[in-house]
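**Q** Let the hints inform the model, and build the full structure from the sequences given.
There are 2 protein chains.
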Amino acid sequence: MTDAFQQILDDARAASLVLAQTPTTVKNQALAAIADALLTNSDRIVTANAQDLDLSRGDGMAEGLLDRLQLTAERVEGLVRAVRDIAALPDPIGEVLGGSTLPNGLHLTQVRVPFGVVGSIYEARPNVTVDLAAILLKSGNVAILRGGSAAENTNTVLVDVIGSALENCGLPRAAVQTIDAFGREGANRLMNARGLVDVLVPRGSASLISAVVNDSSVPVIETGAGVVHIFLDASAELEMASDIVHNAKTQRVGVCNALETLLVHRDAASRLIPSILKKLVESGVTIHADDATRAIFPHAEPATAEDWGHEYLSLDLAVKIVDSLQDAIDHIGVHSTHHTDAIITNDMANAERFVAEVDSAVVMVNASTRFTDGGEFGFGAEVGISTQKLHARGPMGLRELTSTKWIVRGNGQWRE
Amino acid sequence: MTDAFQQILDDARAASLVLAQTPTTVKNQALAAIADALLTNSDRIVTANAQDLDLSRGDGMAEGLLDRLQLTAERVEGLVRAVRDIAALPDPIGEVLGGSTLPNGLHLTQVRVPFGVVGSIYEARPNVTVDLAAILLKSGNVAILRGGSAAENTNTVLVDVIGSALENCGLPRAAVQTIDAFGREGANRLMNARGLVDVLVPRGSASLISAVVNDSSVPVIETGAGVVHIFLDASAELEMASDIVHNAKTQRVGVCNALETLLVHRDAASRLIPSILKKLVESGVTIHADDATRAIFPHAEPATAEDWGHEYLSLDLAVKIVDSLQDAIDHIGVHSTHHTDAIITNDMANAERFVAEVDSAVVMVNASTRFTDGGEFGFGAEVGISTQKLHARGPMGLRELTSTKWIVRGNGQWRE
Numbered sequence: 001m002t003d004a005f006q007q008i009l010d011d012a013r014a015a016s017l018v019l020a021q022t023p024t025t026v027k028n029q030a031l032a033a034i035a036d037a038l039l040t041n042s043d044r045i046v047t048a049n050a051q052d053l054d055l056s057r058g059d060g061m062a063e064g065l066l067d068r069l070q071l072t073a074e075r076v077e078g079l080v081r082a083v084r085d086i087a088a089l090p091d092p093i094g095e096v097l098g099g100s101t102l103p104n105g106l107h108l109t110q111v112r113v114p115f116g117v118v119g120s121i122y123e124a125r126p127n128v129t130v131d132l133a134a135i136l137l138k139s140g141n142v143a144i145l146r147g148g149s150a151a152e153n154t155n156t157v158l159v160d161v162i163g164s165a166l167e168n169c170g171l172p173r174a175a176v177q178t179i180d181a182f183g184r185e186g187a188n189r190l191m192n193a194r195g196l197v198d199v200l201v202p203r204g205s206a207s208l209i210s211a212v213v214n215d216s217s218v219p220v221i222e223t224g225a226g227v228v229h230i231f232l233d234a235s236a237e238l239e240m241a242s243d244i245v246h247n248a249k250t251q252r253v254g255v256c257n258a259l260e261t262l263l264v265h266r267d268a269a270s271r272l273i274p275s276i277l278k279k280l281v282e283s284g285v286t287i288h289a290d291d292a293t294r295a296i297f298p299h300a301e302p303a304t305a306e307d308w309g310h311e312y313l314s315l316d317l318a319v320k321i322v323d324s325l326q327d328a329i330d331h332i333g334v335h336s337t338h339h340t341d342a343i344i345t346n347d348m349a350n351a352e353r354f355v356a357e358v359d360s361a362v363v364m365v366n367a368s369t370r371f372t373d374g375g376e377f378g379f380g381a382e383v384g385i386s387t388q389k390l391h392a393r394g395p396m397g398l399r400e401l402t403s404t405k406w407i408v409r410g411n412g413q414w415r416e
Numbered sequence: 001m002t003d004a005f006q007q008i009l010d011d012a013r014a015a016s017l018v019l020a021q022t023p024t025t026v027k028n029q030a031l032a033a034i035a036d037a038l039l040t041n042s043d044r045i046v047t048a049n050a051q052d053l054d055l056s057r058g059d060g061m062a063e064g065l066l067d068r069l070q071l072t073a074e075r076v077e078g079l080v081r082a083v084r085d086i087a088a089l090p091d092p093i094g095e096v097l098g099g100s101t102l103p104n105g106l107h108l109t110q111v112r113v114p115f116g117v118v119g120s121i122y123e124a125r126p127n128v129t130v131d132l133a134a135i136l137l138k139s140g141n142v143a144i145l146r147g148g149s150a151a152e153n154t155n156t157v158l159v160d161v162i163g164s165a166l167e168n169c170g171l172p173r174a175a176v177q178t179i180d181a182f183g184r185e186g187a188n189r190l191m192n193a194r195g196l197v198d199v200l201v202p203r204g205s206a207s208l209i210s211a212v213v214n215d216s217s218v219p220v221i222e223t224g225a226g227v228v229h230i231f232l233d234a235s236a237e238l239e240m241a242s243d244i245v246h247n248a249k250t251q252r253v254g255v256c257n258a259l260e261t262l263l264v265h266r267d268a269a270s271r272l273i274p275s276i277l278k279k280l281v282e283s284g285v286t287i288h289a290d291d292a293t294r295a296i297f298p299h300a301e302p303a304t305a306e307d308w309g310h311e312y313l314s315l316d317l318a319v320k321i322v323d324s325l326q327d328a329i330d331h332i333g334v335h336s337t338h339h340t341d342a343i344i345t346n347d348m349a350n351a352e353r354f355v356a357e358v359d360s361a362v363v364m365v366n367a368s369t370r371f372t373d374g375g376e377f378g379f380g381a382e383v384g385i386s387t388q389k390l391h392a393r394g395p396m397g398l399r400e401l402t403s404t405k406w407i408v409r410g411n412g413q414w415r416e
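First to last, the protein sequences are chains A and B. Using the working numbering, the first residue of the first sequence is number 1, and each one after it goes up by one. Using the working numbering, the first residue of the second sequence is number 1, and each one after it goes up by one.
If you are wondering where the hints come from, they were derived from the structure by calculation, not from laboratory data. Predicted model, so just to flag it, every value in this text is computed and none were measured. Possibly wrong hints are sitting among the right ones.
Remember, identical chains collapse to one label, so a pair may be satisfied in a single copy or spanning two.
[Said to hold, decoys possible] Restricting the straight-line Cα-Cα distance to at most 20 Å, the calculated cross-link-like pairs of lysine to any residue (SDA-like) are:
id : residue 1 : residue 2
1  : Lys278    : Leu315
2  : Lys278    : Ala300
3  : Lys279    : Val46
4  : Lys278    : Phe297
5  : Lys279    : Arg415
6  : Lys278    : Phe182
7  : Lys279    : His335
8  : Lys278    : Ala88
**A** Here it is as structure tokens:
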């Protein structure tokens, strides 16, 4: 096994040298070829996927996970559209970020280059395989993918189809490889291939990401959980507050930018809480509230200490009345995962203070937290939402999958 | 110990909230106050340092390390000048990096914010304590410093002097703290304070940095070793090549941007090697060369496999003749630490190919590798030279010690 895995790493490194020099037109041709090949091989993909589904059903996988594992012909078409969309995005590689001419005449240029070899560890969602392969190819990176073992048959076919399309365009098959066959041991080796793998991007549950962060010596970009807060300031308009809160909680649950905790300024509590919470309950939301809220809105469960900072990912909402903007900022500082937090207010000074003092990847004023999304932000593709402060923070698009290089051009300068 | 250490982390977090909101003028006043206080307390600092020197001398510390540990009144004055220089640099915090107005009217702005709490682990060089404190303060970050235990007395006084100056300016003393008193256990806790410490910046030897990289669950910015190469292409001009090579090897040894391996194109070997190596030998350089080089220049030690990719940090140089540009790029790909690599050439196409294909933080054409330096690049201050691809690559200045935050301003938008 040792040699086969090392071969994958070596092949990836060799492929990365090719991909880093591949012009945009060729990368786009390859993406088009991948899209075509996925469509042509749709039956083969769906058949392999059916095997995975059967095995997982036999293993007692939950319905929700089976749904995420499943690829239908229609879903393959969706993947094909996504690949074509990625082909249409601007190429980040080669972008000049800045530079200068030094007093001694040296010309400095900082240009955007690929990371090189990017590893990803994710769960049994074969759409992620295609998505990552396309995004990484477009950004000039080589992919080493470790999907959940439950999707191994599907991923094997997908990577084979992608590899053939790459070869048909004169690019190395090793630009997209899977290590599913190496099981957990493969994941461990990937996480410790420092110097051979440039960056790891885990995707999936909080526990998967935290395991990768802890076990990896390769630098990791953490895409984190979202314990998202909205604070209704004393001056919040009822209709705006209600629309935004309802949208942030119910438009889609189970996503990281959905609302989890609502904080309400004491001075606005009786004005705002009854109708806002009533509308949520009518939409099926269970309210977990502190005593002060329940005094105004009795139709709520009593909140326990576990409700603050809890990522429900379901139709549940924690609600708390706070005495001041400062208390709201303090609560968010303690309980937020620093993904997205918002204030609804008509008070300019409070808006500015919230924006300055809440230390989250995205801080919003008078908008639904559901807008924290690479697509909504106009990035085209999204790799995830970074909740770490190093390298990338917030929605990550193609640019966030790149590094930089300094080029220094002289005519014989040496240092005094 | 547990509580005292946790208190340091908690105090640092609280101080980071203050520092993130501190205006540039106040930070600059604090830096000026620190500079003044260092000067006023010079005797106290030098006395504490003398204790450290005595203890280390008793422990048999090598002369070179003793020199790095020593602070004289003159060296304190140098530190004071450095602090004042940092005060004069532009404040990176608050810089707007970009943004857009989305079709739905949402205004997006990406602004530069501090990391928050930055830890650093370094060796017994008390000048680093002052340097890091000043750079981190200017960039709005709180510092938790772990210097070598041999400098504990000096660092204690330095941090005390800095803390008093901060307090006199109304800033929290906890903005700069030392954990030297907690020994190795403190370093371990710092490396595993994920979520409490935002970033770690180790400074020092390759082994120290590699230990931090391996043991830390906090994200690390790796400032790495420099196995620096220069390739003399077939068209290299003798005088330019000789000046640059001599400068890169001998102007200062023991630094990460000094030349370690010279590669020479076979077609230029007999024209270039004799006089270039002769001049180096006259400056005291020991040449470790392959057989082809020794055939032209017998006054060289035979190179062994260990010489390629070796960071001498001394008056030693590995020299090898290669058959082609491709061979030079391949050798660098295998043996470089991807810090700085340079080509000396008159051939435009070869220069461009070298620049594109050599995957190093800084790639140079016709210039001495000694220019890879934050000061030379015009960054003012330098925290180190990053050899990793995540977050920062190459010389790191104040900007590289920051993160970003997205601010989204709306007027009631919610997602369809």
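**Q** Checking an output row: Lys278 and Ala300, CA cutoff 20 Å. Within, between, both or neither?
**A** For Lys278 and Ala300, only the intra-copy Cα distance (10 Å) is at most 20 Å; the inter-copy one is 86 Å.
**Q** Between copies, within a copy, both or neither: which fits Lys278 and Phe182 at Cα up to 20 Å?
**A** Result: close neither inside a copy nor across copies, 52 Å intra and 54 Å inter.
**Q** Up to 20 Å between alpha-carbons, please classify Lys278 paired with Leu315: within, between, both or neither.
**A** within (14 Å within a copy, 78 Å between copies)
**Q** Given a CA cutoff of 20 Å, do Lys279 and Arg415 count as a within-copy pair, a between-copy pair, both, or neither?
**A** between (70 Å within a copy, 17 Å between copies)
**Q** At most 20 Å between C-alpha atoms: does Lys278 with Phe297 qualify within a copy, between copies, both, or neither?
**A** within (8 Å within a copy, 89 Å between copies)
**Q** At most 20 Å between alpha carbons: which applies to Lys279 and His335, within, between, both or neither?
**A** neither (25 Å within a copy, 65 Å between copies)
**Q** Pop the pair Lys279 and Val46 into one bin, within, between, both or neither, using alpha-carbon distances up to 20 Å.
**A** neither (41 Å within a copy, 69 Å between copies)
**Q** Given identical chains, is Lys278 near Ala88, meaning Cα to Cα at most 20 Å, within a copy, between copies, both, or neither?
**A** This pair counts as neither: shortest intra-copy Cα distance 44 Å, inter-copy 56 Å.
Checked against the numbered hints given earlier, the structure breaks hints 3, 6, 7, 8 and satisfies all the rest.
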